[in-house]
Amino acid sequence: MREPEPEQPASLRAVQVAQTRAALLAAGRRLFGENGFRSTSVEDLAREARVTTGALYHHFPTKTALFEAVFMQAHIDLLMAATTAAQSTADDGPAKKRDDLARGVDAFLDGILQPDIQRILVLDGPAVLGLARFTELDEQYAHAAIMHALVSVAEAGATQIDDPDTTTSLLLGALTRGAMLIANSADPVETRHAVARSMRSLLNAFTAPD
7 MREPEPEQPA
17 SLRAVQVAQT
27 RAALLAAGRR
37 LFGENGFRST
47 SVEDLAREAR
57 VTTGALYHHF
67 PTKTALFEAV
77 FMQAHIDLLM
87 AATTAAQSTA
97 DDGPAKKRDD
107 LARGVDAFLD
117 GILQPDIQRI
127 LVLDGPAVLG
137 LARFTELDEQ
147 YAHAAIMHAL
157 VSVAEAGATQ
167 IDDPDTTTSL
177 LLGALTRGAM
187 LIANSADPVE
197 TRHAVARSMR
207 SLLNAFTAPD
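First residue of the sequence shown? That's 7 in the working numbering, and the numbers climb one at a time after it.
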């Protein structure tokens with residue numbers, strides 16, 4: 007009689023679970039980014055990740071749940087790129103702080119030009135997730151990051167903002183709308199530059215004189 011195989015250690019199972027989830031996220035990022043949500047099937051995703059559809063459903067109960075995880079990952083990647091671009095150097099003067107904020111906005115808009123980011127975050131995001139969930143996820147990380155940048159600029163004496171929380175929501179709304187303009191434009195690069203100019207004008211409206 008064949009003896010039962012020994013159970014895998016919990017640590018090994020955890021590694022395998024993490025690897026499967028990472029493979030599914032990578033498959034979703036590529037296929038959702040290239041083909042869009044509607045044109046990507048569960049079978050396509052499982053085949054790309056080299057797992058069974060059962061394994062996919064073990065990690066994500068629906069295709070929409072996987073899309074939401076991919077959406078959050080792409081959103082975080084975009085915010086990290088913008089935050090890195092906005093990092094201050096040794097010069098923390100008011101003018102430098104304002105320029106840091108503008109560079110962060112520029113990096114965000116550059117990210118929207120990437121086809122996979124554009125399709126996942128802007129074109130498919132609201133339709134797949136629904137407006138309420140899309141807005142919730144859009145604000146989950148972006149609001150805190152933008153408000154931190156605004157408060158930093160204010161503390162350097164480079165801006166005059168009485169209500170950072172409300173101002174942050176308005177700026178985030180402008181960025182989200184700007185991303186939609188870029189994604190739906192016949193000339194995305196030119197529209198990106200136009201949005202960047204308008205965002206700089208908007209930011210300058212809050213700034214105090216040096």
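Don't read these hints as lab results, they were simulated from the structure. Just to be clear, a hint being listed does not mean it is correct.
Unchecked claim - What follows is a list of derived Cβ distance ranges for each label pair: (1) His-64 x His-199: 40 to 50 Å; (2) Ile-82 x Asp-50: 50 to 60 Å; (3) Glu-145 x Arg-44: 38 to 48 Å; (4) Asp-169 x Arg-53: 25 to 35 Å; (5) Arg-36 x Gln-93: 25 to 35 Å; (6) Arg-19 x Leu-137: 17 to 27 Å; (7) Arg-206 x His-154: 16 to 26 Å.
We treat Cβ as the ideally placed atom computed from N, Cα and C, and that holds for glycine.
Hint-by-hint comparison with the structure:
1. Range check, His-64 to His-199: Cβ separation about 45 Å, and the 40 to 50 Å hint holds.
2. Judged by the Cβ atoms, the range 50 to 60 Å given for Ile-82 and Asp-50 is violated: they are separated by roughly 24 Å.
3. In this structure, Glu-145 and Arg-44 break the distance hint of 38 to 48 Å, their C-beta atoms being roughly 26 Å apart.
4. Between Asp-169 and Arg-53 the beta carbons are some 50 Å apart, a value that contradicts the proposed interval 25 to 35 Å.
5. In this structure, Arg-36 and Gln-93 meet the distance hint of 25 to 35 Å, their C-beta atoms being roughly 29 Å apart.
6. About 38 Å separates the C-beta atoms of Arg-19 and Leu-137, a value inconsistent with the hinted range of 17 to 27 Å.
7. Distance hint check: the CB atoms of Arg-206 and His-154 are about 19 Å apart, consistent with the given range 16 to 26 Å.
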